[in-house]
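Engineer: Per the numbering used here, the sequence shown runs over residues 2 to 532.
Calculated directly from the structure, the hints in this document are not laboratory data.
Hints are supplied without guarantee of correctness; some may be wrong.
Unchecked claim - Only pairs whose alpha carbons sit at most 20 angstroms apart, straight line, appear in this in silico EDC-like list of lysine to aspartate or glutamate:
{"hint": "1", "residue 1": "Lys219", "residue 2": "Glu199"}
{"hint": "2", "residue 1": "Lys361", "residue 2": "Asp412"}
{"hint": "3", "residue 1": "Lys416", "residue 2": "Glu339"}
As the list claims (entries may be wrong) - Quick list of simulated restraints, FRET-style, between CB atoms:
{"hint": "4", "residue 1": "Pro362", "residue 2": "Thr335", "range": "49 to 59 angstroms"}
{"hint": "5", "residue 1": "Lys219", "residue 2": "Pro86", "range": "31 to 41 angstroms"}
{"hint": "6", "residue 1": "Phe133", "residue 2": "Phe532", "range": "21 to 31 angstroms"}
{"hint": "7", "residue 1": "Trp376", "residue 2": "Thr335", "range": "23 to 33 angstroms"}
{"hint": "8", "residue 1": "Leu23", "residue 2": "Ser67", "range": "25 to 35 angstroms"}
{"hint": "9", "residue 1": "Arg229", "residue 2": "Phe133", "range": "25 to 35 angstroms"}
{"hint": "10", "residue 1": "Val185", "residue 2": "Asn460", "range": "40 to 50 angstroms"}
{"hint": "11", "residue 1": "Phe133", "residue 2": "Asp441", "range": "52 to 62 angstroms"}
{"hint": "12", "residue 1": "Lys17", "residue 2": "Pro86", "range": "34 to 44 angstroms"}
{"hint": "13", "residue 1": "Pro86", "residue 2": "Arg487", "range": "50 to 60 angstroms"}
{"hint": "14", "residue 1": "Leu299", "residue 2": "Leu329", "range": "44 to 54 angstroms"}
Glycine included, C-beta positions come from ideal geometry on N, C-alpha and C.
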Amino acid sequence: MNCIKKLNEKIEGIGKRWELVLVILLSALMVLGIIIGMGTLTSGYHLVDDHEFLEWIHQMRNEGKSVWELIARKLRQDFTLRYEPAYYATRILSTCIFGVGLTGYSLVKAAEITIACIFLYYCGRRMGATKFYSFLFAALSLVGYQSAAWWKLGPQESQCTMFFAVGFYCMLRYLENQRKIWAVLSIVLFFIMSNFKESFILLIPFLMLYVLYSELQKDGETALTWRRIWKCIRNRFWYLLTLGLIFLVLVFVIVVFVGVNDYDMVGLDASIPLKVYAEALQRSFANDLKWYKRFGILFILILLTYWEDLKKLWKEMLLAASFLLPQLVIFGQTGLGERYILPSSIGAALFFVIIIPKWKPLSGKRRMVYVLGLWLLLAAHGRVALREADYFRYRGQSVNTMLETVLEWSDQDTKVLSCFRPNEEGNLTLNYWMLVHGYDNVYFWTEEEQLINRVCDVNLDYPDEMMEEQDYDDMDIVVMYNQEDRHWCYTPTVDLSDFTEVECGTLTLYVRKDSGIVPEDIEIEGLRIHF
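All chains, please: the whole structure from these sequences, using the hints.
Structural biologist: Here you go:
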């Protein structure tokens, strides 16, 4: 125990300049160590979300569309389902910069997460946490199933988390010294964040409550009265008003023009029974939130032993609830999982890693068990992050090898049958990959109808000639998932007796024996982590 105390004293004794250097190095090492070490940085396409890069490149190269045309059209299209204008604008611009290769996109993601980690650390420091707990706060916010946001190129959680972390830091600086530049910077960053993804708009009520909480902590009084609350509001009136207006305007736009239940099962729908929400929450805690459940029970049991003192933490518990409950509600039908755990993981870490360790009653052996639990939670989530990164690398290598192989085997007469449905994005990726490289030769299998046609995505409209049935005997290459792929749903009931099977990691290729194509065995490195 004395060794730990001495080590902590040494850490706390580090100067500000070296602190900054160490935080940058540790954050970069944590992020780059995983994405480079596990191979996600160069894992390429994954048949999910990233098909849009190829679609836009095809439209710019082969159809003469400009970047601004694509942005305007996508925003009009997306506005009927979602509100995320900044996301698509930056996504299309990055496509124009990086092109077909995805390593540049991956490096940008890594930079976003690294910046988020650094600023979350400094948020912890501004909230009064030690260096030790501040880095633990940043790590527990970002490491776990939510680490999928580090390497998946479709989601916008990495951008939102970065803008939130930097904006929250600026807000904390403003609350400390009242300099207007920090207030303006934080408002701008929160506004940008809110235009990337709707769920992050729901953090604004938490931010407003935190401003009041901070003011209440400063005045030194204990009794909470309306007069005291109004005094705190007056002290930060224009800041709170600006945050409130941003929140109300964006919510109004979404409710009136976009809708609150238009996108799959994400959103609010009064017709959905509470049982659906309860079952989704139960699934979440049985799957991607399981470590939060296991250690959360431990933490709560420890805190309950301080019952009388715990009741005095009602303001802090209200803060945590204002952060977490809106996220649980908006994802109530599907549950929280993978990248959708962000930003909730930040709210959980804020309470359990920043607020509670500073709480004076927590001491002795119970404190030791509590801190050990935090470290074990990080270790469990670190294992999860490594395992998920390993699978992502394996699947990416499988997909990219498949794409390169199909391209190599193709000529102008080759016909490729894609059997990825119901994953329409898989069909889109293969289709646009071939179009970008000058081949319009991909056909699509529908299992329920035993039908082959040119309909790439059943959710889109196509001319009649694209819907005409095609002959299976004309297909030279067949591509499908196998059971090692998490998107595998079924094995298509097509006759493969005249085909040669070629395993390609999580995918399987079949080549017609009389097609003139001479297939070779494909070597894909399997999963490295099995624990």
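Engineer: Work down the list of hints and note, for each, if the structure agrees.
Structural biologist: Outcome of the hint check:
1. Lys219 - Glu199: violated (32 angstroms)
2. Lys361 - Asp412: violated (72 angstroms)
3. Lys416 - Glu339: violated (36 angstroms)
4. Pro362 - Thr335: 49 to 59 angstroms: For threonine 335 against proline 362, whose Cβ atoms are near 38 angstroms apart, the range 49 to 59 angstroms is violated.
5. Lys219 - Pro86: 31 to 41 angstroms: holds (37 angstroms)
6. Phe133 - Phe532: 21 to 31 angstroms: holds (27 angstroms)
7. Trp376 - Thr335: 23 to 33 angstroms: Roughly 31 angstroms apart at Cβ, these two residues keep to the hinted range, so it holds.
8. Leu23 - Ser67: 25 to 35 angstroms: violated (46 angstroms)
9. Arg229 - Phe133: 25 to 35 angstroms: Taking Cβ atoms as reference, arginine 229 and phenylalanine 133 lie about 34 angstroms apart, which means the hint holds.
10. Val185 - Asn460: 40 to 50 angstroms: holds (42 angstroms)
11. Phe133 - Asp441: 52 to 62 angstroms: Cβ of phenylalanine 133 to Cβ of aspartate 441: about 58 angstroms, so the range 52 to 62 angstroms holds.
12. Lys17 - Pro86: 34 to 44 angstroms: holds (38 angstroms)
13. Pro86 - Arg487: 50 to 60 angstroms: violated (31 angstroms)
14. Leu299 - Leu329: 44 to 54 angstroms: violated (21 angstroms)
Against the hints set out earlier in the document, violations occur for numbers 1, 2, 3, 4, 8, 13 and 14.
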